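J.: In case you want the letters, here they are:
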Amino acid sequence: MKGKGMATDLLASGQPASGGSRPSAPRSFLDVRDLRIHFNTDDGVVKAVDGLSFQLDRGKTLGIVGESGSGKSVTSLGILGLHRHSKARVSGEVWLDGEDLIAASDERVRALRGQRIAMIFQDPLTAMHPYFTVGAQIIEAYRVHNNVSKKVARQRAIDMLGRVGIPQPARRVDDYPHQFSGGMRQRAMIAMALVNNPELLIADEPTTALDVTVQAQILDLIRDLQEEFHSAVIMITHDLGVVAELADDILVMYGGKAVEYGTAETIFRRPEHPYAWGLLGSMPRVDRDVRDRLIPVKGTPPSLINLPSGCAFHPRCPYVGYNGIPCRTEIPTLAEGSDHGVACHIPPAERQRIFSEDIAPAL
Amino acid sequence: MINYILRRVVTSVVLMIIISVVTFGVFFMVPKLAGTNPAELYVGKSATPADVAATARKLGLDQPVYVQYGRFVKGIVAGRDFNSGPSKTHCPAPCFGYSFRNDRPVFPLLLDRLPVTISLAIGASIIWLIGGVLAGVISALRRGSILDRSMMILALAGVSLPIYFTGLLAQLIFVHNLHWLPGGEYVNFRDNPIGWASKLLLGWITLALLYAATYARLTRATMLETVSEDYIRTARAKGLRERVVIGKHAMRSVLTPIVTIFGLDIGQLLGGAILTESVFGLPGIGRLSIDAVNTKDLPVVLGVTLFGALFIVVANFVVDLLYAVIDPRVRLA
Amino acid sequence: MPTSTPQTERAATRPATENLLEVSGLEKHFPITRGAFIRRTVGAVRAVDGLDFTVRTGETLGVVGESGCGKSTTGRLVTRLLEPTGGKITFEGRDITHMSVRQMRELRRDVQMIFQDPYSSLNPRHTVGTIVGAPLRIQNIPTPKGQKRAVQDLLELVGLNPEHYNRYPHEFSGGQRQRIGIARALALRPKLIVCDEPVSALDVSIQAQVVNLLDDLQRELNLTYMFIAHDLSVVKHISDRVAVMYLGKMVELAPRDALYATPMHPYTLALLSAVPVPDPSRRDKAQRERVLLTGDVPSPIDPPSGCRFRTRCWKAQDKCAQEVPPFVELAPGHRVACHFPVTDAERTPQGRMAAQHAAAEVPPDTAAEPAL
Chain A
1 MKGKGMATDL
11 LASGQPASGG
21 SRPSAPRSFL
31 DVRDLRIHFN
41 TDDGVVKAVD
51 GLSFQLDRGK
61 TLGIVGESGS
71 GKSVTSLGIL
81 GLHRHSKARV
91 SGEVWLDGED
101 LIAASDERVR
111 ALRGQRIAMI
121 FQDPLTAMHP
131 YFTVGAQIIE
141 AYRVHNNVSK
151 KVARQRAIDM
161 LGRVGIPQPA
171 RRVDDYPHQF
181 SGGMRQRAMI
191 AMALVNNPEL
201 LIADEPTTAL
211 DVTVQAQILD
221 LIRDLQEEFH
231 SAVIMITHDL
241 GVVAELADDI
251 LVMYGGKAVE
261 YGTAETIFRR
271 PEHPYAWGLL
281 GSMPRVDRDV
291 RDRLIPVKGT
301 PPSLINLPSG
311 CAFHPRCPYV
321 GYNGIPCRTE
331 IPTLAEGSDH
341 GVACHIPPAE
351 RQRIFSEDIA
361 PAL
Chain B
364 MINYILRRVV
374 TSVVLMIIIS
384 VVTFGVFFMV
394 PKLAGTNPAE
404 LYVGKSATPA
414 DVAATARKLG
424 LDQPVYVQYG
434 RFVKGIVAGR
444 DFNSGPSKTH
454 CPAPCFGYSF
464 RNDRPVFPLL
474 LDRLPVTISL
484 AIGASIIWLI
494 GGVLAGVISA
504 LRRGSILDRS
514 MMILALAGVS
524 LPIYFTGLLA
534 QLIFVHNLHW
544 LPGGEYVNFR
554 DNPIGWASKL
564 LLGWITLALL
574 YAATYARLTR
584 ATMLETVSED
594 YIRTARAKGL
604 RERVVIGKHA
614 MRSVLTPIVT
624 IFGLDIGQLL
634 GGAILTESVF
644 GLPGIGRLSI
654 DAVNTKDLPV
664 VLGVTLFGAL
674 FIVVANFVVD
684 LLYAVIDPRV
694 RLA
Chain C
697 MPTSTPQTER
707 AATRPATENL
717 LEVSGLEKHF
727 PITRGAFIRR
737 TVGAVRAVDG
747 LDFTVRTGET
757 LGVVGESGCG
767 KSTTGRLVTR
777 LLEPTGGKIT
787 FEGRDITHMS
797 VRQMRELRRD
807 VQMIFQDPYS
817 SLNPRHTVGT
827 IVGAPLRIQN
837 IPTPKGQKRA
847 VQDLLELVGL
857 NPEHYNRYPH
867 EFSGGQRQRI
877 GIARALALRP
887 KLIVCDEPVS
897 ALDVSIQAQV
907 VNLLDDLQRE
917 LNLTYMFIAH
927 DLSVVKHISD
937 RVAVMYLGKM
947 VELAPRDALY
957 ATPMHPYTLA
967 LLSAVPVPDP
977 SRRDKAQRER
987 VLLTGDVPSP
997 IDPPSGCRFR
1007 TRCWKAQDKC
1017 AQEVPPFVEL
1027 APGHRVACHF
1037 PVTDAERTPQ
1047 GRMAAQHAAA
1057 EVPPDTAAEP
1067 AL
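Protein chains in written order, with our numbering: chain A, 1 to 363; chain B, 364 to 696; chain C, 697 to 1068.
Pulled out of the complex, with its shape left as it was, chain A reads as follows (with noise of 0.2 Å):
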C-alpha cells in the first residue's frame, strides 16, 4: 500500500486523491497531509508516524488521543519543525494558513515557531530551564520575534503572568522555575506559549504532571485563551476525559496512525474502531455506576520498530479476521465518509451492529 492513498482525502472529501502534480488548495487553517516521520535507529527505522492527515480550523481544538508509542507526540513535534535537526526523516504537508511548512526553509520555519505556532509541554518542570527566570525566558520568547527594548518585553510578561491567573505578577516575574507550584509552572509556560498571540497552539499533555483540581483551572485556562485569541488548539493526551472536556474533533492514532477519525460526539458516542472501543471499556468512570469489572485490551501496545503487519491493531483486536477480512494481511485505510473515519476492515454497518449490540452495554 502506497502512502498516497492511504488517508489524504479523509476530510478533504470530494477531492480525488492527490497522486498528481500539484497538491490541491489547502482548505482549512491548519491541513496536515500524509505526513511521516520515520527514525533510522540501529535497529531498524522506526515509523513513529505514518500517513496523518488532519485539518483544524481558527478558533477549533482537535484532540489526538493515543497511547505510549502512538507517535502522537512525535506529530506535535514535526508540526513545529523540531525533527528538522535530528536524524528523522520527514515527508508530507503541513500546510498552515496557506504555506507549506515542510517545504519552507529551516530559518522560515524558526521565525514561525513561537510566533504563529506554539506549544506547551507536559512537565512544566523540566521544559523551563532551571538557571533562568521565568521572566527572562518569557522576555526572549517575546523578543525574538519582536524588536522591542527589555523593558517593554518585561512589562509583556508581566502582563501575560497576570493573564494566566499568577497573584503578584510584577514580583513572580523574577522567580525561578523551581520557586513555581507546579500548577503556577504550568501557567507560566503558557504564558510563555501565549506571548506572541500564537494562531496554532498545541498542548502536549498538558495537565499530565498536575493534580485533578490544578487540571480542572488549567483546562478551563486554555479554553477561556482560546476563545480570546480565536487560536486553534491541538490537544494531545492519553486522557479521554480530558479531551472529552476541550476537543471538538478527536483523532484516535495507534501504532504511528490514524485509526479514527470524528466529531468528540462520535467517537464517545458511536464509536467504530475496536481500539477505540476498548479505550472506552478500559476506562473506569467517576461519573456512572460502577461496573463489576473492566473491560481492557489484551496484550501490549506494539513496537514503532516492528509493527505488526496489516492493520497494527490485530494482535489485540477480538474481532480479527471476523467473516473472514484480512486483518492481518492488508492494512486498513481510513478513507470514508467526510466527518467520521475508520481505518477497519469489518463493514461499516456491521460495525455499527457490533457496537450498539455488544459494546455500548457493556461500557
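Check before you lean on any hint, since a few could be wrong.
As the list claims (entries may be wrong) - Straight line, CA to CA, 27 Å or less: simulated DSSO-like cross-link-like pairs of lysine-lysine: (1) K151(A) <-> K611(B); (2) K659(B) <-> K421(B); (3) K981(C) <-> K60(A); (4) K659(B) <-> K437(B); (5) K841(C) <-> K887(C); (6) K421(B) <-> K437(B); (7) K784(C) <-> K887(C); (8) K87(A) <-> K611(B); (9) K611(B) <-> K150(A); (10) K844(C) <-> K887(C).
Stated by the list, open to error - Only part of the chain A face toward chain C is listed, based on derived beta-carbon distances under 8 Å: (11) S68; (12) G183; (13) H238; (14) V242; (15) E265; (16) F268; (17) S282; (18) P284; (19) V286; (20) D287; (21) V290; (22) R293; (23) P296; (24) T300; (25) P301.
Just so you know, these hints were derived from the structure itself, not from any lab.
None of the values given here were measured: they were computed from a predicted structure.
Virtual Cβ for every residue (Gly too), placed ideally from N, Cα, C.
Fit chains B and C to the given chain A structure using the hints.
T.: Just chains B and C, lined up with the frame of chain A:
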C-alpha cells in the same frame, strides 16, 4: 546564602586541620617508626650522637608528638622560635619549619617558586579550557561525524599518553632538532616576557593536551545529555536560533560540571605540576618537591604537601561558591 | 476505632467486619534543620498529622488526595517503611507502631507493598526469578516443590509466562513489570497489600488489565488492600470505602457510593467536580457545576489554623480558623471533618452561590488569600 558560605568555610577549615594532622603524622612519625631520627637528617652523617641530641632539642624533636604538632601549628599561625643554646632563631609566621639542606625557612622557599608554577598553571588552563570545551561542543553537535570521531581519538590519546613521553618528545623536536624554541633557564616575565613565554610554551601545550582531553570528553557527554533535555526543546519551540539554543541555554548547563573539575584541576596544579616542571626544567613548586624528596628534606616536603592541600581545599571552596552563582536552586535553597 | 454501624458495601458476600488494621492519631513529622555550625530543628513538615482509620479484613480502602496530602507517607507508615512520629498502628491486634527491624521481619509476611514506578522498583541486574523469589529466600519460607516452581506459580498467578523466569526486567513492558511487582508482593501470601499508585504510570489499556488482576487476586486470595491513588475514577472502581486526605489530614471517609454520590466535605466535592467527565455531551453541564478551587495547597510546614482547607473553602467562617473540626460520623459509616458540611442544596451551583453569600456575610478574620 550566608549560612551556605559559612558552612563551606567551616568545612574547609576542618578539612585543613585533618590534612595537617595526617601529613604531619606521616612525615615526622613514620621516620621514627622506621628507626631514623629526623634530627640525624638535619645534622648530616658525620655528626656525633651529642650533636644529634642537641639538634633534636633545638627543633623540639625530643618532645611528645602532640607537643610537636602543637608547636608546628603555632608556627604556621603565629611564627615560632628555635632555641639552640644561647642563640635564638625566629621563624616568622607562616612558619613551616627550616629546610634541612640549606637552613632556610620553608615558606620563603615556596614563595620563590610559586610564580613559575602559577605561570605554568594559568597558561595551560587557558589553552585547555578553550580548546577542550570547544572541541567537546563541536563533537557533540556533530555527533558521529568524522570530525567527532577524530577529535575523540585525539582526546583518548591525550589522556593516555604520559606527559614525560609527550613532553620529552616535544622538547626533542622543537628545542633540540628544529630550534624553534630556546632551551636554557627559566626567566621572569618582568625581565623578558618573550623569553618567559617561549620557555613555558611547550609546558603549557603538553599540560593542556593532557587536560583538554578530559574536558573535551566531559563537555561532549554533558552537551549530549543537555540537548535532549526538555528545556532545550522548549527553547527551540520558542523559535530561538540554534546559536542561542546551544550557546546560551545548553552552555549554561554544560558549565556546571566544567567549573567543578576546573576548580579542582587548578588547585591541584598550583600545588605543583611535578612531572611537567621536571620535564621542562621549570623551577616551580613541583621541582622543589622532587628535589626535597630526593634530599630527604622533610620540612620542605611537608610544606609543599600542605601548600598543595591548601590550594585544593581553597579551590573546592571557590567551586562551591561558583555553584551558587551558576545554579539558583543552590543559592535559594 | 470500632464502627458498629452496618455498612452498605459493594460486595455483600465479603465479610468485612473484623478490623485488620487500626490506626489512631497517626503522625509523621519530618524535621527541618538549619544553622551553619550547630544544626537545630526549626520546624517540621507535617506530612501526616493525626489520622484515625481502620482497614477491615477483605475490603479495599481507597485513599485519595492531591500531591503532598500525605497519602503515600501514610502507606509507608502502615507498612512501617517509615517510623511514625506519633499515634498508634495496630495490625491484627498487635501494636506495630514502633516495632524493631527484627520484629518487623515477621510483619513483612503479612503486610506487603506495591509501588508506583514499575521501572525503578525492580533491580535491573536481577532476573525475574530472583526478584520474585527474594522474599521467599529472605524469610526462609519452605517451598515443597522447590523455589523455582513456587516462583513460576506466582508468575502464572499474575498472568505472566512462567517460562520467563530467567528474563530481566528490561525485557518486559511497563504493565508486565507491574505484574512482576505484584508477584513479588504476593510471594509471602500477605494479608494486607498497600498499593501506592500502582497503575498511574501505565497506559490506559494496561491500567485496566492491572486493575482487573488486583480485583481477581483479592477474590482468590482473600486479600485486603489499601489502595492509594490520585485518580478518583480508578479508586471509585476498586474501593469499598474511600478516604480523602488534604494536607496531612483525613477530611472524609465513607463507603464508596456514599462518598461519590453525596460528598459532605467541601474539598471532596471540589475534587469530584474537577474530574473531567469522558462524555462530551455533558461537557457544559460539568463545567458549570465545577467547584473551582483557587490558589495552591498551603505549605505543610505551616498549615492554616483550625480547618486546613479553610483558606480555599467557599464556606469558611470564623469558626473554621479557630477550631479544628473533629472527624465525626455524620451518616452511617460516613465520617467528615468539617464544621459546615455540604448540604444537598449545595450540590448545585446555585446552592453553592447561596452558601458563598452566607459565608461572605460573616467574613472570616483571615480572608482566603491566594497561597503562594
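J.: Evaluate each hint against the coordinates.
T.: How the hints compare with the structure:
no., hint, verdict
1, K151(A) <-> K611(B), "holds (21 Å)"
2, K659(B) <-> K421(B), "holds (19 Å)"
3, K981(C) <-> K60(A), "holds (20 Å)"
4, K659(B) <-> K437(B), "holds (24 Å)"
5, K841(C) <-> K887(C), "holds (23 Å)"
6, K421(B) <-> K437(B), "holds (16 Å)"
7, K784(C) <-> K887(C), "holds (19 Å)"
8, K87(A) <-> K611(B), "holds (23 Å)"
9, K611(B) <-> K150(A), "holds (17 Å)"
10, K844(C) <-> K887(C), "holds (23 Å)"
11, S68, "holds (6 Å)"
12, G183, "holds (6 Å)"
13, H238, "holds (6 Å)"
14, V242, "holds (5 Å)"
15, E265, "holds (5 Å)"
16, F268, "holds (5 Å)"
17, S282, "holds (4 Å)"
18, P284, "holds (4 Å)"
19, V286, "holds (4 Å)"
20, D287, "holds (5 Å)"
21, V290, "holds (6 Å)"
22, R293, "holds (6 Å)"
23, P296, "holds (3 Å)"
24, T300, "holds (4 Å)"
25, P301, "holds (6 Å)"
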